[in-house]
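Note that the protein sequences, when read in sequence, are chains A and B.
In terms of the numbering used here, the first sequence opens at residue 1 and continues consecutively.
In terms of the numbering used here, the second sequence opens at residue 1001 and continues consecutively.
The hints are simulated quantities; they were obtained by calculation from the structure and are not laboratory data.
The reader is advised that the hints may include incorrect statements.
[Unchecked claim] In the EDC-like style, the derived pairs of lysine to aspartate or glutamate whose C-alpha atoms are separated by at most 16 angstroms in a straight line are:
#1 A/99 to B/1041
#2 A/103 to A/67
#3 A/151 to A/67
#4 A/103 to B/1041
#5 B/1245 to A/284
#6 B/1037 to A/104
#7 B/1130 to B/1160
#8 B/1037 to B/1143
#9 B/1245 to B/1302
#10 A/99 to B/1087
#11 A/151 to A/140
#12 B/1245 to B/1297
#13 B/1037 to A/67
#14 B/1332 to A/256
#15 B/1234 to B/1302
#16 B/1130 to B/1055
#17 A/151 to A/175
#18 A/151 to B/1202
#19 A/151 to A/171
#20 B/1150 to B/1185
#21 B/1332 to A/261
#22 B/1040 to A/217
#23 A/99 to B/1080
#24 A/285 to B/1181
#25 A/220 to A/202
Below are the chains, spelled out letter by letter.
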Amino acid sequence: MAAANEHTVLQFATPSSTTSATTSILTARIHPLVIFNVCDCFVRRPDSAERVIGTLLGSILPDGTVDIRNSYAVPHNESSDQVAVDIDYHHNMLASHLKVNPKEIIVGWYSTGLGVNGGSALIHDFYAREVTNPIHLTVDTGFTNGEGAIKAFVSSNLSLGDRQLAAQFQEVPVDLRMVEAERVGYDVLKATAVDKLPNDMEGMELTMERLLSLINDVYKYVDSVVEGQTPPDNNIGRFIAEAVASLPKLPPQVFDNLVNDSLQDQLLLLYLSSITRTQLSLAEKLNTAAQML
Amino acid sequence: MATMARSFLQAISKDEAVAPPLRVVQIEGLAVLKIIKHCKEFAPTLVTGQLLGLDVGSVLEVTNCFPFPVRDDDEEIEADGANYQLEMMRCLREVNVDNNTVGWYQSTVLGSYQTVELIETFMNYQENIKRCVCIIYDPSKADLGVLALKALKLSDSFMELYRAGNFTGEKLREKNFSWMDIFEEIPIKVSNSALVSAFMTELETDAPVSQGDYDRLQSSTTPFLENNMEFLIKCMDDLSMEQQKFQYYYRNLSRQQAQQQAWLQKRRTENMARRSAGEEPLPEEDPSNPIFKPIPEPSRLESFLITNQVSNFCGQINGVAGQNFSRLYLTKALHEN
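Hey, can you work out the whole structure from these sequences and the hints?
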């Protein structure tokens, strides 16, 4: 842009040109805790505020993925033409969070509500001063369009010659890592009230039922293909063949021995623990029942 | 009119005097996820954090929580820790989060959390808050696909005993107090706001099998069981040491009693001789004699705690072994087909 031509060019200053290529952001990975946090802050917002903003914490992986692991809300005031963000609060909370987990740094900010507006650009500017290339997450708590859209944006600056025109927000694909939520169990997290946490045996039962239904489905599918009702799909067939082949090929005698040995081990452990329990109750009776002379 | 007003006042004051016993702990999904995240990130280090919420009737609601930074053993960090807590509570207050401390949570390894420190922390909290609860999360058990979250509280009778500082056998027999009465486990309920529930319903994947199922169906539970057995054996050793202490005490006590009897006999004969000689009899007690010094009875608190831990381990082994049975039968059935 050194030479002043007759035609000035509309330039995109893409993130990859200002920083090195390895830190261009490709995707955003979001952990379920962030969504819970955002929803909770939205529910608790002061009545005057229409939306909530907050900081996103996480880390940037070397392949360009932004791993968003935690978040906290920041109080702010928004009117039609100006935006005020409580910067002290933001820094205080950041310091507190860093004390617990110094590896989680600022990676961007979030706001509720669909879409990006003028105020967001100003806030994004502020965050751009804190970290290079912040990511902006919008969580649509209003469920416009009938779905709760979670979108992530990166901004790049539009400049005409030397003048800054606008900031363009480009959408970045979002990867929702629900592994932790799955571990806890969707039933627990989905319902508004769960009366009792499932204990191990109940969880086991659920899993077995699911496995059984899966096997039934596969069975029905294979049957219908054999009878010619559904067109065979080679990929599915290959998957099924792989799954069946992954069962270890042991002669039945060896397998039976294996299973019986394991069963006996478990029984031994059960026996040991019952003995220990009896020993405990006996010892306790003896201890406290001993008479002083 | 006046009598009605007075009886109303009386009714209110009577309600305040007796707080209903804590029956249920209601946690929000947000707090559950936070606790799990924090404990898992720092495993195997043990971490703690604070619980915030409301105390409503017989339900203790936990609406949020924040983790404590890991402290190196340094005296000046004491003030830092308190500052951190105040700072966090103040900041959370500004975003309308319930600012009330209702307890704390901690992670544990294989369920070995019954220590004297736990009791001391409880007593510390109890002085400031009327009702507090401790939530224990076990990340090692979570690898087996179980949501290992437990809410604990010290029983009232135990707290009285602890304040009196007296754990002798007689006192315990009076109150009919056994090792099972130290901790009370409170059932946990999980609640979620409607917004979160809407999001979760939408984000739930359509896959028929989830990660939790994968965890539960894996059959290699040996490391978990091995560690459990190791801890169990160590605890039994500790328990036998405690019992030896008691044996030693009793032996000393009986020996002292015998000595006292012998001394008493000698005194009596001496007195009889003196009386026959016309002199004053010597007193039958002599507090300055060392054999009359009472031997302190060792406290039973340690042995109770160890007993609790052992019983916990046994329970865990039972649970996992039971699960293994089902898994083994499953593989057997699969193979036969």
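Hint check results:
At most 16 angstroms may separate the alpha-carbon atoms for a hinted pair to count; residue 99 of chain A and residue 1041 of chain B meet this at roughly 14 angstroms. In summary, the hint linking residue 103 of chain A to residue 67 of chain A is supported, as the alpha carbons are separated by about 12 angstroms, within the 16 angstroms threshold. For the hint linking residue 151 of chain A to residue 67 of chain A, the alpha-carbon distance of about 14 angstroms falls within 16 angstroms, and the restraint holds. This hinted pair checks out: residue 103 of chain A and residue 1041 of chain B have alpha carbons roughly 11 angstroms apart, not beyond 16 angstroms.
Distance check on the hinted pair: residue 1245 of chain B and residue 284 of chain A sit about 14 angstroms apart at the alpha-carbon level, within 16 angstroms; holds. With a CA separation close to 13 angstroms, the supplied pair residue 1037 of chain B and residue 104 of chain A stays within the 16 angstroms bound. Of the pairs offered as hints, the one joining residue 1130 of chain B and residue 1160 of chain B holds, with about 14 angstroms between alpha carbons and a cut-off of 16 angstroms not exceeded. Restraint check for residue 1037 of chain B and residue 1143 of chain B: the C-alpha separation of about 13 angstroms stays at or below 16 angstroms, so the hint holds.
Between residue 1245 of chain B and residue 1302 of chain B, the direct Cα distance comes to roughly 11 angstroms. Compliance with the 16 angstroms bound is thereby established for this hinted pair. The straight-line distance between the Cα atoms of residue 99 of chain A and residue 1087 of chain B is roughly 12 angstroms, inside the 16 angstroms bound, and the hint therefore holds. Only pairs whose Cα atoms come within 16 angstroms are accepted, and residue 151 of chain A paired with residue 140 of chain A is accepted, the gap being roughly 8 angstroms. With a C-alpha separation of about 10 angstroms, the suggested pairing of residue 1245 of chain B with residue 1297 of chain B holds against the 16 angstroms cut-off.
Distance restraint check for residue 1037 of chain B and residue 67 of chain A: the Cα-Cα separation of roughly 14 angstroms lies within the 16 angstroms cut-off, and the hinted pair is therefore satisfied. The hinted pair formed by residue 1332 of chain B and residue 256 of chain A meets the criterion: a straight-line CA distance of about 8 angstroms does not exceed 16 angstroms. With a C-alpha separation of about 14 angstroms, the suggested pairing of residue 1234 of chain B with residue 1302 of chain B holds against the 16 angstroms cut-off. Between residue 1130 of chain B and residue 1055 of chain B the CA atoms are separated by roughly 9 angstroms; this keeps the pair inside 16 angstroms, and the hint holds.
As the CA atoms of residue 151 of chain A and residue 175 of chain A are separated by approximately 10 angstroms, the hinted pair is consistent with the 16 angstroms bound. In summary, the hint linking residue 151 of chain A to residue 1202 of chain B is supported, as the alpha carbons are separated by about 15 angstroms, within the 16 angstroms threshold. Taking the CA atoms of residue 151 of chain A and residue 171 of chain A, the gap is about 7 angstroms. The hint holds against a cut of 16 angstroms. At roughly 7 angstroms between alpha-carbon atoms, residue 1150 of chain B and residue 1185 of chain B fall within 16 angstroms of each other, so this suggested pair holds.
For the suggested pair residue 1332 of chain B and residue 261 of chain A, the alpha carbons sit about 12 angstroms apart, so the restraint of at most 16 angstroms is met. About 35 angstroms separates the Cα atoms of residue 1040 of chain B and residue 217 of chain A, which puts this hinted pair outside 16 angstroms; it is violated. For a cut-off of 16 angstroms, the pair hint linking residue 99 of chain A to residue 1080 of chain B stands: about 10 angstroms separates their Cα positions. Between residue 285 of chain A and residue 1181 of chain B, the direct Cα distance comes to roughly 15 angstroms. Compliance with the 16 angstroms bound is thereby established for this hinted pair.
Between residue 220 of chain A and residue 202 of chain A the alpha-carbon distance is near 27 angstroms, which puts this suggested pair outside the 16 angstroms criterion.
Hints 22, 25 from the list above are not met by this structure, while the remaining hints are.
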